[in-house]
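Engineer: Listed below, chain by chain, are the residues.
Protein chains: 2
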Amino acid sequence: MTDITADTAGWSCPAPLRDHPVVVMGHGGGGALSAELTRHLFLPAYGGEALEGLTDSAAVTLGGARLAFSTDSYVVRPLFFPGGSIGDLAVNGTVNDLAMSGAVPAYLSCAFILEEGTELSTVGRVAQALGAAARAADVTVVTGDTKVVDSGHGDGVYVNTAGIGLIPEGVDIRPRRARPGDAVIVSGPIGQHGIAVLSVREGLTFGTELVSDTAPLAGLVRAMLAVTPDIHVLRDPTRGGLAAALNEIATASGTGVALDEAAVPVPDAVATACALLGLDPMYMANEGRLVAFVPRPQAEMVLEAMRAHPLGHEAAVIGVCVAEHPGMVVARTGLGGTRIVDPPLGEQLPRIC
Amino acid sequence: MTDITADTAGWSCPAPLRDHPVVVMGHGGGGALSAELTRHLFLPAYGGEALEGLTDSAAVTLGGARLAFSTDSYVVRPLFFPGGSIGDLAVNGTVNDLAMSGAVPAYLSCAFILEEGTELSTVGRVAQALGAAARAADVTVVTGDTKVVDSGHGDGVYVNTAGIGLIPEGVDIRPRRARPGDAVIVSGPIGQHGIAVLSVREGLTFGTELVSDTAPLAGLVRAMLAVTPDIHVLRDPTRGGLAAALNEIATASGTGVALDEAAVPVPDAVATACALLGLDPMYMANEGRLVAFVPRPQAEMVLEAMRAHPLGHEAAVIGVCVAEHPGMVVARTGLGGTRIVDPPLGEQLPRIC
Chain E
1 MTDITADTAG WSCPAPLRDH PVVVMGHGGG GALSAELTRH LFLPAYGGEA LEGLTDSAAV
61 TLGGARLAFS TDSYVVRPLF FPGGSIGDLA VNGTVNDLAM SGAVPAYLSC AFILEEGTEL
121 STVGRVAQAL GAAARAADVT VVTGDTKVVD SGHGDGVYVN TAGIGLIPEG VDIRPRRARP
181 GDAVIVSGPI GQHGIAVLSV REGLTFGTEL VSDTAPLAGL VRAMLAVTPD IHVLRDPTRG
241 GLAAALNEIA TASGTGVALD EAAVPVPDAV ATACALLGLD PMYMANEGRL VAFVPRPQAE
301 MVLEAMRAHP LGHEAAVIGV CVAEHPGMVV ARTGLGGTRI VDPPLGEQLP RIC
Chain D
1 MTDITADTAG WSCPAPLRDH PVVVMGHGGG GALSAELTRH LFLPAYGGEA LEGLTDSAAV
61 TLGGARLAFS TDSYVVRPLF FPGGSIGDLA VNGTVNDLAM SGAVPAYLSC AFILEEGTEL
121 STVGRVAQAL GAAARAADVT VVTGDTKVVD SGHGDGVYVN TAGIGLIPEG VDIRPRRARP
181 GDAVIVSGPI GQHGIAVLSV REGLTFGTEL VSDTAPLAGL VRAMLAVTPD IHVLRDPTRG
241 GLAAALNEIA TASGTGVALD EAAVPVPDAV ATACALLGLD PMYMANEGRL VAFVPRPQAE
301 MVLEAMRAHP LGHEAAVIGV CVAEHPGMVV ARTGLGGTRI VDPPLGEQLP RIC
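Those protein sequence lines, which keep their order, are chains E and D.
Heads up: the first sequence begins at 1 in UniProt numbering, then just goes up one per residue.
Heads up: the second sequence begins at 1 in UniProt numbering, then just goes up one per residue.
What the hints contain is simulated information worked out from the structure, not anything from laboratory work.
These figures come from a predicted structure and were not determined experimentally.
Every residue gets a Cβ at the ideal spot worked out from N, C-alpha and C, and that includes glycine.
Heads up, a few of these hints could be off.
Said to hold, decoys possible - If we take Cβ atoms under 7 Å as the criterion, some of the chain E residues that face chain D in the derived model are: (1) T71; (2) I113; (3) A127; (4) V141; (5) A162; (6) V322; (7) R339.
What the hints assert, rightly or not - Label-pair restraints from in silico Cβ distances: (8) E:S12 x D:A275: 36 to 46 Å; (9) E:G170 x D:R222: 51 to 61 Å; (10) D:R332 x E:G117: 54 to 64 Å; (11) D:G10 x E:G117: 15 to 25 Å; (12) D:I340 x E:P16: 50 to 60 Å; (13) D:P310 x E:H325: 55 to 65 Å; (14) E:D260 x D:D172: 52 to 62 Å; (15) D:V22 x E:R222: 40 to 50 Å; (16) D:G337 x E:G117: 38 to 48 Å; (17) E:S12 x D:S151: 32 to 42 Å; (18) D:G203 x E:T272: 52 to 62 Å.
Isolated chain E, as found in the complex (with noise of 0.2 Å):
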């Protein structure tokens, strides 16, 4: 047999990762493991200074282009659940991605990796809604790639898109920018695309129709970005929901987040979905939600132009940036009191995305 010694040599398990010796699906859950993996495993790999950032997005320049340039697999079983699909999801997660760092996104890759028995009539839906949701979020696609695997190694449809998008010049919105005093915006009701994708998974229903928020938000950051280009921060809080996005942000920023909890918009279906599952809001997966840190002067404009966007009619301040208890989100509870909103280690529900 040739020698292959070169690409079996040995990798040894960094510390923090040997608890979990082989992959478990919190790995894959964008919370503590998933963190993990990232810092032990592919950055001493391959990492660079753009990867180390840890936002949705990179911002490189190239020709002398500002750009974002992001990627998502999208695993999300099923295939099609109330209010989207995971075509929706493939263009919306990448647009999304991309619109965090304040870009304008322009152009999709597309690659698939099929079942091989899948039918095609599956895969051809799953293409279409991918086509509707890339024009309606305004990006074309424009590449792609198709692998098939054997029967017992997929799951019908995987879908992985990249996505490159324009950075307005006089926008530097990431992570690292939160500044005690900030406003912590978020645009929307929480928790409806985790709760609609397992009402379909385990066949329940919660009494009202809850779909998912799946939607390119894109157009909604421009609209911010129209009143001042002076935004710190963007997140979209998919896996690990509300709850992972403020906990990345506090440990990158080295703020506080002070939560007023009762100000969190959450849909009575998912608080009643929640309460009865045992499932907590906060750490529940959005697809067309973002959260926005704010200067305060900027603030208040900031949330007129996003209630009159239709994203964003629903938009709310819902704590504030602080100087005490850096990288942690405290939340001040209806009740009065205060609890510490800890990152999620996984998520709550595998393969939400």
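Got chain E; can you put chain D on it based on the hints?
Structural biologist: Here is chain D on its own, set in the frame of chain E:
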């Protein structure tokens, strides 16, 4: 249950796809079945002008910069093989797709789909190989993603990379530009990647050590462009091999290719292995070779430049682009006859990259 009719609306299978109403391995083989899927399923759903070029990478303009943008997913089995690994392929494959438009590759995204239960040491070794390949190719991984799927819905590690690069001014390289009279040049011996993967997959030995040719080709392309910007077509003959690449170019440009079969460099070990297994080297995948269509007056100089480069020192003229038999590749065989080199239906060895 919530109404999800909007997402499950009918999709009807267009005529050419009806022979295979479900996904078959050949749909991922880069041959005629892949092309059918692209033309009749993906293009109607979200195709645009750029996608219709069916090139390895898209050429787009953003912020005044002329960019190449490309993506590929990698599902090769096994993950490590003589001469490389899925990590090397994930870098070199995407770098080469960018280089085939004459672009200078700059930034990569990298997204993993990991199977629950995979040893982290396996993931670590893949990541290290990927990092080493990126450094060797002079590209930076700037953004990434990790998803985990349940055991039994993956195969250890799948990787997607997307890449962006800058296309130099005055360079316009794409399949449609092939012109009768162009010399057809291959950069080196063919078939090594396919046979290397096959050998380790099937536990076969063929006397001689055979290692994958996986390599980043941007440096070789730069050396060629230093001679003349007037190169018409570049293509890396991956899935479906030289046969697929030449047929695609013939189809896209409406020209024919007259091949001198005896001039195609085939290593003895590849020839032996193919003879034993009833395979054709012309259809074997390569991951570090390119085929170039160069106007006759510049061909000798370009060939010289290729031979002076470590990845092109066995470069050879293997045929000529002709006006006869448009869309077809015809080979003059060693025995003085001719044979039509048909486009492959799928790939001889599924999951070769």
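Engineer: Now tell me if each hint is right for this structure.
Structural biologist: Now for the hints, and whether the structure bears them out:
{"no.": "1", "hint": "T71", "result": "holds (4 Å)"}
{"no.": "2", "hint": "I113", "result": "holds (5 Å)"}
{"no.": "3", "hint": "A127", "result": "holds (4 Å)"}
{"no.": "4", "hint": "V141", "result": "holds (5 Å)"}
{"no.": "5", "hint": "A162", "result": "holds (3 Å)"}
{"no.": "6", "hint": "V322", "result": "violated (30 Å)"}
{"no.": "7", "hint": "R339", "result": "violated (29 Å)"}
{"no.": "8", "hint": "E:S12 x D:A275: 36 to 46 Å", "result": "holds (43 Å)"}
{"no.": "9", "hint": "E:G170 x D:R222: 51 to 61 Å", "result": "violated (35 Å)"}
{"no.": "10", "hint": "D:R332 x E:G117: 54 to 64 Å", "result": "violated (42 Å)"}
{"no.": "11", "hint": "D:G10 x E:G117: 15 to 25 Å", "result": "holds (20 Å)"}
{"no.": "12", "hint": "D:I340 x E:P16: 50 to 60 Å", "result": "holds (59 Å)"}
{"no.": "13", "hint": "D:P310 x E:H325: 55 to 65 Å", "result": "holds (56 Å)"}
{"no.": "14", "hint": "E:D260 x D:D172: 52 to 62 Å", "result": "holds (58 Å)"}
{"no.": "15", "hint": "D:V22 x E:R222: 40 to 50 Å", "result": "holds (42 Å)"}
{"no.": "16", "hint": "D:G337 x E:G117: 38 to 48 Å", "result": "holds (41 Å)"}
{"no.": "17", "hint": "E:S12 x D:S151: 32 to 42 Å", "result": "violated (24 Å)"}
{"no.": "18", "hint": "D:G203 x E:T272: 52 to 62 Å", "result": "holds (57 Å)"}
Consistency with the previously given hints fails for numbers 6, 7, 9, 10, 17, ordered from lowest to highest.
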